[in-house]
Amino acid sequence: AKTMLHENLSKRTNVSDLVSLRMLLNDTLSSFNELSKARTHVAILWASQANTLPATFWTLFYMIRCPAAMKAASEEVRQM
650 AKTMLHENLS
660 KRTNVSDLVS
670 LRMLLNDTLS
680 SFNELSKART
690 HVAILWASQA
700 NTLPATFWTL
710 FYMIRCPAAM
720 KAASEEVRQM
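For the numbering used here, add 649 to where a residue sits in the sequence shown, where the first one is 1.
Do not take every clue at face value.
[Claimed, not checked] Computed Cβ-Cβ distance ranges for the label pairs, DEER-style: (1) 716 - 679: 47 to 53 Å; (2) 717 - 656: 51 to 57 Å; (3) 697 - 723: 25 to 31 Å; (4) 677 - 697: 31 to 37 Å; (5) 681 - 711: 37 to 43 Å; (6) 693 - 723: 17 to 23 Å; (7) 666 - 704: 25 to 31 Å; (8) 716 - 667: 45 to 51 Å; (9) 699 - 723: 36 to 42 Å; (10) 682 - 703: 28 to 34 Å.
Don't read these hints as lab results, they were simulated from the structure.
All C-beta atoms in this analysis are idealised placements derived from N, C-alpha and C, irrespective of residue type, glycine included.
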């Protein structure tokens with residue numbers, strides 16, 4: 650979590666909007682110490698990553714099993 654300390658994050662050039670907003674809110678509204686703030690960043694990033702793979706799997710599984718869903722998704726992509 651130490652790499653996610655605000656002093657380290659503020660030195661980076663490509664910080665995501667999510668992390669930037671969390672830094673702002675943690676600095677203005679939170680009573681956490683710096684290490685606790687960094688730990689919350691790690692928890693959010695881990696949870697996001699941990700949930701993406703299962704959601705992607707089940708979405709693709711459904712699309713493969715349901716031709717209507719695949720057709721609707723394909724048509725939506727073509728319209729872009």
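Hint-by-hint comparison with the structure:
For residue 716 and residue 679, the hinted distance range of 47 to 53 Å is satisfied, since their beta carbons lie about 49 Å from each other. For the pair residue 717 and residue 656, the supplied restraint of 51 to 57 Å holds, since their beta-carbon distance comes to about 52 Å. Here the CB-CB span from residue 697 to residue 723 is close to 27 Å, well matched to the stated 25 to 31 Å. Taking the beta carbon of each, residue 677 and residue 697 are about 23 Å apart, not inside 31 to 37 Å as hinted.
For the pair residue 681 and residue 711, the supplied restraint of 37 to 43 Å holds, since their beta-carbon distance comes to about 39 Å. Distance hint check for residue 693 and residue 723: the Cβ-Cβ separation is about 33 Å, which falls outside the suggested range of 17 to 23 Å. Under the hint 25 to 31 Å, the C-beta atoms of residue 666 and residue 704, about 21 Å apart, miss the expected range. Against the hinted window of 45 to 51 Å, the Cβ-Cβ separation of residue 716 and residue 667 comes to about 36 Å, which falls outside the hint.
A C-beta distance of roughly 29 Å is found between residue 699 and residue 723, which places it outside the suggested range of 36 to 42 Å. Separation of residue 682 from residue 703 is about 33 Å and conforms to the stated range, judged on CB atoms against 28 to 34 Å.
Comparing the model with each numbered hint stated earlier shows that hints 4, 6, 7, 8 and 9 do not hold.
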